[in-house]
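Residue numbers (the working numbering), protein chains in the order written: chain Y, 1 to 246; chain G, 1 to 267.
For the record, the hints were derived by calculation from the structure and aren't laboratory data. Watch out, some of these pointers could steer you wrong.
Unchecked claim - Straight line, CA to CA, 20 Å or less: simulated EDC-like cross-link-like pairs of lysine to aspartate or glutamate:
| hint | chain 1 | residue 1 | chain 2 | residue 2 |
| --- | --- | --- | --- | --- |
| 1 | G | Lys155 | G | Asp195 |
| 2 | G | Lys223 | G | Glu30 |
| 3 | G | Lys92 | Y | Asp163 |
| 4 | G | Lys155 | G | Glu25 |
| 5 | G | Lys92 | G | Asp204 |
| 6 | G | Lys92 | Y | Asp198 |
| 7 | G | Lys92 | Y | Glu143 |
| 8 | G | Lys70 | G | Glu35 |
| 9 | G | Lys217 | G | Asp68 |
Remember, predicted model here, so these are calculated numbers, not experimental data.
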Amino acid sequence: MKTLLRYAPLLILAIGWELVARLELVSNDALPPLTQVATAWLDLIRDGDLVPNGLASLWRGAAGLGLAIAIGGALGILMARWKAVNVIFGPLVEMFYPVPKSALIPVTVIWLGMGNGSKILLIALGCMIPVTIGAFNGARAAEQTLIWSARSMGADRLRTLWDVVMPSALPELLNGIRTALALAFILLVSSEFIAAQDGVGYLISSLGDDGNYASMYAVVLTVALCGFAADRLYQMFMQRMLIWRL
Amino acid sequence: MAQIVVDRVRHIYRPPRGKPVPALEDVSLEVREREFLALLGPSGCGKSTLLYLIGGFLPVEGGGIAVDGKPVAAPGPDRGIVFQHFALFPWKTVRGNILYGLERQGMAPAERQRRAQQFIDLVGLRGFEDSFPSHLSGGMKQRAALARTLAFDPKILLMDEPFGALDAQTRHLMQTELLGIWRRTPKTVIFVTHDVQEAVYLADRVAVMSARPGRIKSIVDIKLDKDDPNVFKAKAFVDQVDAIWGLVKEEAIKAQGVHGAPTGRAS
Chain Y
1 MKTLLRYAPL
11 LILAIGWELV
21 ARLELVSNDA
31 LPPLTQVATA
41 WLDLIRDGDL
51 VPNGLASLWR
61 GAAGLGLAIA
71 IGGALGILMA
81 RWKAVNVIFG
91 PLVEMFYPVP
101 KSALIPVTVI
111 WLGMGNGSKI
121 LLIALGCMIP
131 VTIGAFNGAR
141 AAEQTLIWSA
151 RSMGADRLRT
161 LWDVVMPSAL
171 PELLNGIRTA
181 LALAFILLVS
191 SEFIAAQDGV
201 GYLISSLGDD
211 GNYASMYAVV
221 LTVALCGFAA
231 DRLYQMFMQR
241 MLIWRL
Chain G
1 MAQIVVDRVR
11 HIYRPPRGKP
21 VPALEDVSLE
31 VREREFLALL
41 GPSGCGKSTL
51 LYLIGGFLPV
61 EGGGIAVDGK
71 PVAAPGPDRG
81 IVFQHFALFP
91 WKTVRGNILY
101 GLERQGMAPA
111 ERQRRAQQFI
121 DLVGLRGFED
131 SFPSHLSGGM
141 KQRAALARTL
151 AFDPKILLMD
161 EPFGALDAQT
171 RHLMQTELLG
181 IWRRTPKTVI
191 FVTHDVQEAV
201 YLADRVAVMS
211 ARPGRIKSIV
221 DIKLDKDDPN
231 VFKAKAFVDQ
241 VDAIWGLVKE
251 EAIKAQGVHG
261 APTGRAS
């Protein structure tokens with residue numbers, strides 16, 4: 001009942017959408033009825049359009065985000081603990097921070113072509129920033145006495161990085177990754193709009209070009225739902241990881 | 001031969017901003033094996049700094065510190081430490097915290113579990129093994145921290161105002177327990193405090209430090225029957241507290257004078 005109530009606004013929106021379209025308050029090109037969108041969605045599944053394109057996008061997003069987490073996490077922690085690393089990479093991160101990452105789409109295409117490589121690189125570069133900043137801030141706040149405690153129990157410097165600094169940085173790092181997750185969706189779809197031969201972004205733009213608006217809406221809604229579900233799942237994961245803070 | 005030898009140690013504190021301040025000047029000190037020594041002094045006198053130098057957490061820049069004849073170069077499991085704010089790993093349970101040190105010592109898993117439980121019982125935390133530190137009271141946190149350090153059996157116990165963050169009742173309880181534990185498992189203890197009564201009650205010897213830059217002003221042998229349940233009212237206790245308080249007071253006033261000129265306001 002409670003869940004039903006929480007999603008009631010969505011239900012009202014869906015009914016409103018259907019009504020507005022059926023009564024042709026706006027043209028059906030601009031807003032096809034939701035039921036028609038649902039039929040189009042089933043067609044897309046049956047014709048084998050949605051799943052392969054979805055999987056292509058999933059692979060790019062996961063690979064790009066994975067790289068961003070691994071590299072950005074390590075970079076942020078090292079920057080926080082070693083001055084030399086911070087001196088070298090700090091200014092680069094700061095300069096790269098305000099650059100609209102979508103501006104790099106043509107650059108990555110020139111470097112790596114129309115395929116997976118350019119998308120993965122773009123997502124990795126863009127998502128690295130929030131991950132690095134989260135890891136950096138978290139690692140910098142690691143308490144000295146915790147590090148000293150571990151050292152006196154026999155952990156060497158490298159070991160304390162993993163055993164103390166990493167978990168200390170975790171809350172901020174996980175928040176950074178959440179931002180990166182949302183950013184990955186944005187960069188994925190927009191890069192596939194511009195230069196791709198498959199993927200959900202490509203599917204949306206090609207369906208739109210063909211005037212196939214109900215199908216286009218079906219894909220847009222699918223991507224939106226996936227983004228929502230990914231964030232929800234991630235939040236549940238985060239709560240599990242940070243259970244010691246409650 | 002003394003177990004810990006501090007020989008003419010100097011230390012300069014360099015704040016991130018502002019000019020360097022001499023924190024310790026020509027500090028010499030010898031601590032015997034299984035002795036309980038209190039380091040007493042006004043805040044800012046460098047007593048914690050001296051403890052961190054012995055622990056190997058800060059580099060020795062002037063003079064020398066040796067433990068068992070070997071110069072101190074880095075932290076090591078021969079010197080366990082307990083901090084004022086517990087320094088428990090917040091992401092580990094009480095048991096996890098205690099197991100960590102044993103794991104680092106390379107102890108076998110079954111032996112680790114057995115030993116962790118033994119020290120959980122020793123500090124009276126049975127039933128809280130699987131609690132995270134955020135769920136514990138200050139006193140319980142400090143018990144857990146004490147158990148963690150005792151469990152890996154360091155020869156030397158460094159304690160940095162360990163009961164300073166606890167309320168008066170809990171502090172007194174912990175003092176008595178620490179004394180009991182120390183008698184059963186004798187270790188060399190260096191106990192930093194600014195509480196004169198605490199120092200006199202716990203220690204065999206009290207080293208009084210001067211205001212910054214810190215020096216050892218004098219070392220007082222404590223003679224006290226600690227088994228006396230009314231030890232705090234005993235004349236010997238009161239007299240020794242008074243004598244040491246006299247030494248500390250001068251330094252405390254000096255320390256105040258360094259930090260700010262009298263304003264003439266009634267306090």
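Against the structure, the hints:
no.	hint	verdict
1	G:Lys155 <-> G:Asp195	violated, 25 Å
2	G:Lys223 <-> G:Glu30	holds, 19 Å
3	G:Lys92 <-> Y:Asp163	holds, 11 Å
4	G:Lys155 <-> G:Glu25	violated, 27 Å
5	G:Lys92 <-> G:Asp204	violated, 35 Å
6	G:Lys92 <-> Y:Asp198	violated, 46 Å
7	G:Lys92 <-> Y:Glu143	holds, 15 Å
8	G:Lys70 <-> G:Glu35	holds, 19 Å
9	G:Lys217 <-> G:Asp68	violated, 25 Å
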